[in-house]
Amino acid sequence: MVPLRFPCSACTAGKRLSGPPVPPRPRIAGPARAACGDPPPKCRRRGIADGRNAAVIIRSRKTPPRGFPLARRKPGRKDVQELNHSATRDVATVKALQIRGRTFTAVALHMGGPANAAFFEVLDAKLRQTPLFFEHAPLVIDLELAQGLETTKEMQHLVGELRRRHLSVFGVQSATRAQAEAAAAAGLIALPSGKAVGLERVTRTERPGDRPAAQAETAEKEAPAPVTRTITQPVRSGQTIFADRGDLVIVGPVSSGAEVIAAGNIHIYGRLRGRALAGVNGDTSARIFCHALDAELLAIAGLYLTSENLGPDTPRDNVQAFLEGDKLRVESLK
1 MVPLRFPCSA CTAGKRLSGP PVPPRPRIAG PARAACGDPP PKCRRRGIAD
51 GRNAAVIIRS RKTPPRGFPL ARRKPGRKDV QELNHSATRD VATVKALQIR
101 GRTFTAVALH MGGPANAAFF EVLDAKLRQT PLFFEHAPLV IDLELAQGLE
151 TTKEMQHLVG ELRRRHLSVF GVQSATRAQA EAAAAAGLIA LPSGKAVGLE
201 RVTRTERPGD RPAAQAETAE KEAPAPVTRT ITQPVRSGQT IFADRGDLVI
251 VGPVSSGAEV IAAGNIHIYG RLRGRALAGV NGDTSARIFC HALDAELLAI
301 AGLYLTSENL GPDTPRDNVQ AFLEGDKLRV ESLK
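According to the UniProt record's numbering, the stretch in the sequence shown is residues 1 to 334, in order.
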């Protein structure tokens, strides 16, 4: 006897049956099945082999609710697109460019004649004395006493020789019209000469006895007061810090390739790895103080010491550099 087949609750899907059940077709071969035929697609997706109690099984399973919040599920492709779009909006709010004024120190090369072999011999001798000081330093060519250099070929030859010696030439000063045009053709810029402006002639008459006192009083009034400049952050490679009216205080290290310059003393509360130049206006009483010395160059009032001149006997911790006669000495702080 073949048993009757009754549709399961998942197959009916809410349909109301009426009338007597319809007997199934007899199977040709194989044992009879007590449940309905193949499980419906919904049962197969749920992994239910017997569809008679499919609705009960489906309701009893703890299936996750639909529409998890974004924080509880992994971000899909749509979420990634939304995040990328928001990041693009944040980047778009950043300013494209900023224009700011900046002051820096450049080395002026004063030429006293033509750019011939003798000139380059003297230049090479000077570079051998301080190789690290002039390496990749910004350079301006002063053409006030130079001869020639009025053609593009001559200017390009001079610029090429200087850059071959690792001098970063970027401009000329005190140039004639022809020299300025040749420099522009060679990729340089023409800068002001930087000459000191003469004082106007005094028209009133003065007695000889009163003139020195009046001049001293005027000079005392016009002399600017010393100003100490303090930097409270490390000086990075490529930076130049200049205190033109007094002492310079650096609270932090000075990296290799950096340069600190002062008209007075230089105090470095950290390790000095770059270049330090004190008393650049000719003050021979200026000094350089630092906690740790590993400098590329030390200079006071034009006298200098390079890293090659600092021997193994030179003190390195809590030192001071000062002038003693015509020599630059480095000693430990007592």
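Source of the hints: derived by calculation from the structure; they are not laboratory data. Treat the hints with care, since some could be wrong.
Stated by the list, open to error - Straight-line Cα separation of at most 25 Å, SDA-like style, residue types lysine to any residue; simulated pairs:
hint, residue 1, residue 2
1, K334, F322
2, K327, Q129
3, K327, R128
4, K334, F242
5, K153, A117
6, K153, Q129
Claimed, not checked - Computed Cβ-Cβ distance ranges for the label pairs, DEER-style:
hint, residue 1, residue 2, range
7, T230, F170, 22 to 32 Å
8, E181, Y269, 24 to 34 Å
9, H291, T228, 37 to 47 Å
10, S285, A96, 29 to 39 Å
What you are looking at is a predicted structure, and each value in this text was computed from that prediction instead of being measured. We treat Cβ as the ideally placed atom computed from N, Cα and C, and that holds for glycine.
Each hint, compared with the structure:
1. Among the hinted pairs, K334 with F322 is consistent with the structure: their alpha-carbon atoms are about 14 Å apart, no more than 25 Å.
2. Of the supplied pair hints, the one linking K327 and Q129 holds, its CA atoms being roughly 15 Å apart against a limit of 25 Å.
3. The suggested pairing of K327 with R128 holds, with an alpha-carbon distance near 19 Å, which does not exceed 25 Å.
4. In summary, the hint linking K334 to F242 is not supported, as the alpha carbons are separated by about 28 Å, beyond the 25 Å threshold.
5. Distance check on the hinted pair: K153 and A117 sit about 16 Å apart at the alpha-carbon level, within 25 Å; holds.
6. The hinted pair formed by K153 and Q129 fails the criterion: a straight-line CA distance of about 30 Å is larger than 25 Å.
7. The supplied range of 22 to 32 Å is met by T230 and F170, whose beta-carbon atoms lie about 30 Å from each other.
8. A beta carbon spacing of about 49 Å between E181 and Y269 contradicts the range 24 to 34 Å that was offered as a hint.
9. For the hinted restraint 37 to 47 Å between H291 and T228, the CB-CB distance of approximately 18 Å leaves it violated.
10. For S285 and A96, the Cβ-Cβ distance of about 49 Å falls outside the hinted range of 29 to 39 Å, so the restraint is violated.
The structure shown violates the earlier hints numbered 4, 6, 8, 9 and 10.
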